[in-house]
Amino acid sequence: MRHPLVDCDLHPAVPGMQAILPHLDAHWAEQVQSRGIESLESVAYPPNAPFACRPDWRGPDGLPPADAATLARIALDPAGTDVGILNCLWGVHLLFNEDMAVAFARAVNDWLAAEWLARDARFRASIVLPLQSVEASVAEIERRAQDARFVQVLLPAMWEVPYGRRSLWPVWEACERHGLPLAIHAGSAYRHPPTSLGWPSFYAEDYAAQSQGFQSQIASLICEGVFVRFPRLRVVLLESGVSWLPAFLWRLAKFWRGVRFEIPWLDRSPAEIARDHVRLSVTPFDVPEEHVPRLLDHLGGDSLLLWGSDIPHWQHDGAPAPPPGLDLARLSANALALYSRLQAEVSA
Amino acid sequence: MAKHVVARVGEIPDGGRKLVVVKGRPIALFRQGEEFFAIANRCPHLGGPLIEGTRVALVTSSCPGRYETSRAGEILRCPWHAWEFDLRTGRSVTDPARFGARRFPTEVAEAKALSVETFPVSVADRVVLVEL
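Protein sequences, first through last, are from chains Y and V. If you want my numbering, it's the position in the first sequence, counting the first as 1, plus 1142. If you want my numbering, it's the position in the second sequence, counting the first as 1, plus 28.
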């Protein structure tokens, strides 16, 4: 039997506010129209930026794929991908009004269910969380977790506070209880500059700084004891890069030995905790091909790695595939082991 | 293995320490109540002088946000990078299976019961012996 192929990182574009309107309640639907809110696009992936979509995947309107059939044709059909997980990066996380964030998160999740999951059984989705409100985020998980086609929750790499903070723990408790990994995708709510030095001038700086955000989130989740308190919680880093992980964990573990007493709830090395709780997608990959074996040696094998193509972002020319030295079937098996919901019976 | 007299009990107060040399090896000797702990005076990390370390309690936790202390004075922090070692075993607190400082057995004896020639004691003294 052929092993199911799983792509953990696909991006459905919201075609415009008109698509979301039917899923907003009467108040917010009117607010969108009366205030003239046209879009919630983030500067992280402005639709017109070359990186936001490979040129040959843009539609006649020049925009990234915004319907299930088009994305399936680009992302699922060519390699015979069996499961593609949709991570919608629409800017719900940018909003400051928490009531508005809750309304838009609910609407986006319902739009994903109606316009994507219902149209192609190969798609799964991440629950977009309105983390502006912990209480509402838990409620949204409870509301959406009943639908097994939602397989994880989605948040940006950079938020208002580090994700290990205890005020957020009710959200992680709900994730654990429902078997939903926490997916952290490159991006920022821009509450803080994307570098700890201040605002960078250029896009390349912002993009390269994302790995620092991921590192700080991993350190926060581990040091605050999130994985001690929620031992079944898993974290998936999407579009994070990979090669920084072993060096960062080495550094974190080294310092932990000297200040263990500060966080005595850790009864083992942060590197061991990361091995059990953290997974990473391999696009973009950040080592030269000839050094992939060395990286795998540092990582202790490929068991932490997942295939995520990041389609339609312009990361590949030609057919998107894992870098040489990594096996699509093995990475897919890692995803199946991670996402218990992928094995669950799908009932629409 | 032989037992070596390294100190008079009275010269090391409770909580005190003394660097001794046995067969050319520097050994860090620590007193805790009526007990004495002896470990090699060399941190297994990068060779820091453990005799200069800070003695602290063992901090443990049953869940994040809770701090429980026990065994006051029985944990030694290396003066260089603060790695912790259990004075009773010499083992690292963070990774006892992988590394530790070598520990030597100690005992306290009456000097009059020993034939001590190389260490100045009077027959009334109680002395600390290190086995090496």
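Calculated directly from the structure, the hints in this document are not laboratory data. Heads up, a few of these hints could be off.
Unchecked claim - What follows is a list of derived Cβ distance ranges for each label pair: (1) 1445(Y) <-> 77(V): 34 to 44 angstroms; (2) 1439(Y) <-> 85(V): 50 to 60 angstroms; (3) 1458(Y) <-> 82(V): 47 to 57 angstroms; (4) 133(V) <-> 1340(Y): 56 to 66 angstroms.
Stated by the list, open to error - From the derived model, a few chain Y residues whose C-beta atoms are all more than 12 angstroms from chain V: (5) 1174; (6) 1197; (7) 1210; (8) 1358.
To be verified - Coverage of chain Y stretches by chain V, computed from C-beta distances (three or more under 8 angstroms per stretch; other residues unrestricted): (9) 1264 to 1270; (10) 1386 to 1400.
Just so it is clear, CB atoms sit at the ideal spot from N, CA and C, and this is done for glycine as well.
Hints, verified against the model:
1. For residue 1445(Y) and residue 77(V), the hinted distance range of 34 to 44 angstroms is satisfied, since their beta carbons lie about 41 angstroms from each other.
2. With their beta carbons about 39 angstroms apart, residue 1439(Y) and residue 85(V) fall outside the hinted range of 50 to 60 angstroms.
3. Between residue 1458(Y) and residue 82(V) the CB atoms are about 54 angstroms apart, so this pair conforms to the stated range of 47 to 57 angstroms.
4. Restraint check, residue 133(V) to residue 1340(Y): a C-beta distance of roughly 58 angstroms satisfies the suggested window 56 to 66 angstroms.
5. Its beta-carbon lying about 41 angstroms from the closest one in chain V, residue 1174(Y) satisfies the requirement of being farther than 12 angstroms from that chain.
6. Interface exclusion of residue 1197(Y) from chain V stands, the closest Cβ pair being 48 angstroms apart, more than 12 angstroms.
7. Its beta-carbon lying about 42 angstroms from the closest one in chain V, residue 1210(Y) satisfies the requirement of being farther than 12 angstroms from that chain.
8. Non-interface status of residue 1358(Y) relative to chain V is upheld: no Cβ of that chain comes within 12 angstroms, the nearest being about 18 angstroms off.
9. Only when three residues or more bring their CB closer than 8 angstroms to a CB of chain V does the claim for the segment 1264 to 1270 of chain Y stand; here the count is 0, and the claim is violated.
10. A count of 3 residues in the segment 1386 to 1400 of chain Y with a Cβ less than 8 angstroms from any Cβ of chain V is obtained; the coverage claim is therefore met, three being the minimum.
Of the hints listed earlier, those the structure fails to meet are numbers 2 and 9, in rising order.
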